[in-house]
Amino acid sequence: MRKVIAILLLAVVGYYILGTLLNLPFGQKATGVGKYYLDSTIKETGTVNTVTSIVVSYRGFDTLGEVTVLFLAATGLGAILFDKKGKKRSLQNASLIVKTSSKMIYPLTVLLGAYVFVHGHLTPGGGFQGGAIIATGTLLMFMAYRSFETNHTALTIIESLAGLTFVSIGISGLIWGYSFLQNILPLGTPNELLSGGIIPLIYIAVGFKVGAELTTVLDTLLKTIKG
Amino acid sequence: MIYFITSVVLILTGMYAVLVKKNLIKIVIGLSIIDSGVHLLMIAIGYVKNATAPIFSKPGLTADKMVDPVPQALVLTSIVIGLAVTAVALSLVIRLYDHHKTLDINKIRKLKW
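Residue numbers (my numbering), protein chains in the order written: chain A, 1364 to 1590; chain B, 833 to 945.
No lab work stands behind these hints, which were simulated from the structure alone.
Check before you lean on any hint, since a few could be wrong.
Unchecked claim - Think about it this way: if two alpha-carbon atoms lie no more than 25 Å apart in a straight line, the pair counts; the simulated BS3-like pairs of lysine-lysine are:
id: 1; chain 1: A; residue 1: K1392; chain 2: A; residue 2: K1406
id: 2; chain 1: B; residue 1: K933; chain 2: A; residue 2: K1451
id: 3; chain 1: A; residue 1: K1398; chain 2: B; residue 2: K890
id: 4; chain 1: A; residue 1: K1447; chain 2: A; residue 2: K1586
id: 5; chain 1: B; residue 1: K881; chain 2: A; residue 2: K1392
id: 6; chain 1: A; residue 1: K1392; chain 2: B; residue 2: K890
id: 7; chain 1: B; residue 1: K890; chain 2: A; residue 2: K1406
id: 8; chain 1: A; residue 1: K1589; chain 2: B; residue 2: K939
id: 9; chain 1: B; residue 1: K897; chain 2: A; residue 2: K1398
id: 10; chain 1: A; residue 1: K1589; chain 2: B; residue 2: K933
id: 11; chain 1: B; residue 1: K897; chain 2: A; residue 2: K1392
id: 12; chain 1: B; residue 1: K933; chain 2: A; residue 2: K1586
id: 13; chain 1: B; residue 1: K858; chain 2: A; residue 2: K1586
id: 14; chain 1: B; residue 1: K897; chain 2: A; residue 2: K1406
id: 15; chain 1: A; residue 1: K1450; chain 2: B; residue 2: K933
id: 16; chain 1: A; residue 1: K1451; chain 2: A; residue 2: K1589
id: 17; chain 1: A; residue 1: K1366; chain 2: B; residue 2: K858
id: 18; chain 1: A; residue 1: K1448; chain 2: B; residue 2: K933
id: 19; chain 1: A; residue 1: K1366; chain 2: B; residue 2: K853
id: 20; chain 1: A; residue 1: K1398; chain 2: B; residue 2: K881
id: 21; chain 1: A; residue 1: K1366; chain 2: B; residue 2: K854
id: 22; chain 1: B; residue 1: K853; chain 2: B; residue 2: K939
id: 23; chain 1: A; residue 1: K1366; chain 2: B; residue 2: K939
id: 24; chain 1: B; residue 1: K854; chain 2: B; residue 2: K939
id: 25; chain 1: A; residue 1: K1447; chain 2: B; residue 2: K933
id: 26; chain 1: A; residue 1: K1448; chain 2: A; residue 2: K1586
Stated by the list, open to error - Away from chain A, derived, C-beta distances all over 10 Å, residues of chain B:
id: 27; residue: V860
id: 28; residue: D867
id: 29; residue: H871
id: 30; residue: K933
id: 31; residue: K939
Quick reminder that beta carbons are idealized off the backbone N, C-alpha and C, glycines included.
Bound-form chain A, shown alone (with noise of 0.2 Å):
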């Protein structure tokens, strides 16, 4: 009974949300906001990836708060999931062929998200990207070696250094006298890997916070058992 009201309920939204969306024009060319974008980040930016100079430019304020919510859910996590007596992993350790290719791959992970935070302005990827490919190579590693520990000191450090360095190159934008997060440094010859003022130290900093920060959310996940 309950599964024939839940399905009419939703054949009723299906059938509107669809009727509203058939009417849209599907596939015309950006206008308005977006050829704006479109045509001016390589003058205004110095940066190729239109959608990077959005996230981290024009739209940096916002980026800033979505580092928050992160940072805010991790918090989060590790305040309803704490435990006074601490908790363990209740893994077993893996086969002896999981626990040697893990530990051939996990440098090579980390090497390939440094590249995609560094390179988020000339290739597709970025920051957040970036630090979630560290943090899957971390996962392989918990989930291989039931021993392997995470230094949660030093995760902190990285994790508020990153931060940290964040706001204040947001703030030199103020001192320089211009507004919260305006670019100051030279912006560079287009497709190379010195381009686009500030928007390369962005994003490694934003890199290693998120890096840090799933790190820490699959760290306190993981570890269910008490004792």
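Since the structure of chain A is provided, determine the placement of chain B on it from the hints.
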């Protein structure tokens, strides 16, 4: 056009899981399926026919042969928020399981509709 229909189907599948399923983990999975549907919908709205990614990586790429970058930037934000929501929801599920020793919302009193 097929993208709009697929994304609506994804959103409705997620809503169905949230409304009908009894297991808390399945409800959280339903929430992330709704997330994916919304992301696909936003990307599909920014799509331009025969266009490439909005990156000027080669000379000769022009702005009128590129998809709209604004929905992609917004989806990047939305994915991170979705991750945060899923993580906090899962931590609450772990706490509930510790307390009640079950994930069935019918057996956890005051949580059913």
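The hints, checked one at a time:
no.	hint	result
1	A/K1392 with A/K1406	holds (21 Å)
2	B/K933 with A/K1451	holds (19 Å)
3	A/K1398 with B/K890	holds (19 Å)
4	A/K1447 with A/K1586	holds (13 Å)
5	B/K881 with A/K1392	holds (8 Å)
6	A/K1392 with B/K890	holds (21 Å)
7	B/K890 with A/K1406	holds (16 Å)
8	A/K1589 with B/K939	holds (24 Å)
9	B/K897 with A/K1398	holds (11 Å)
10	A/K1589 with B/K933	holds (14 Å)
11	B/K897 with A/K1392	holds (8 Å)
12	B/K933 with A/K1586	holds (17 Å)
13	B/K858 with A/K1586	holds (21 Å)
14	B/K897 with A/K1406	holds (18 Å)
15	A/K1450 with B/K933	holds (18 Å)
16	A/K1451 with A/K1589	holds (6 Å)
17	A/K1366 with B/K858	holds (15 Å)
18	A/K1448 with B/K933	holds (20 Å)
19	A/K1366 with B/K853	holds (9 Å)
20	A/K1398 with B/K881	holds (15 Å)
21	A/K1366 with B/K854	holds (12 Å)
22	B/K853 with B/K939	holds (13 Å)
23	A/K1366 with B/K939	holds (19 Å)
24	B/K854 with B/K939	holds (10 Å)
25	A/K1447 with B/K933	holds (20 Å)
26	A/K1448 with A/K1586	holds (12 Å)
27	V860	holds (12 Å)
28	D867	holds (14 Å)
29	H871	holds (14 Å)
30	K933	holds (13 Å)
31	K939	holds (17 Å)
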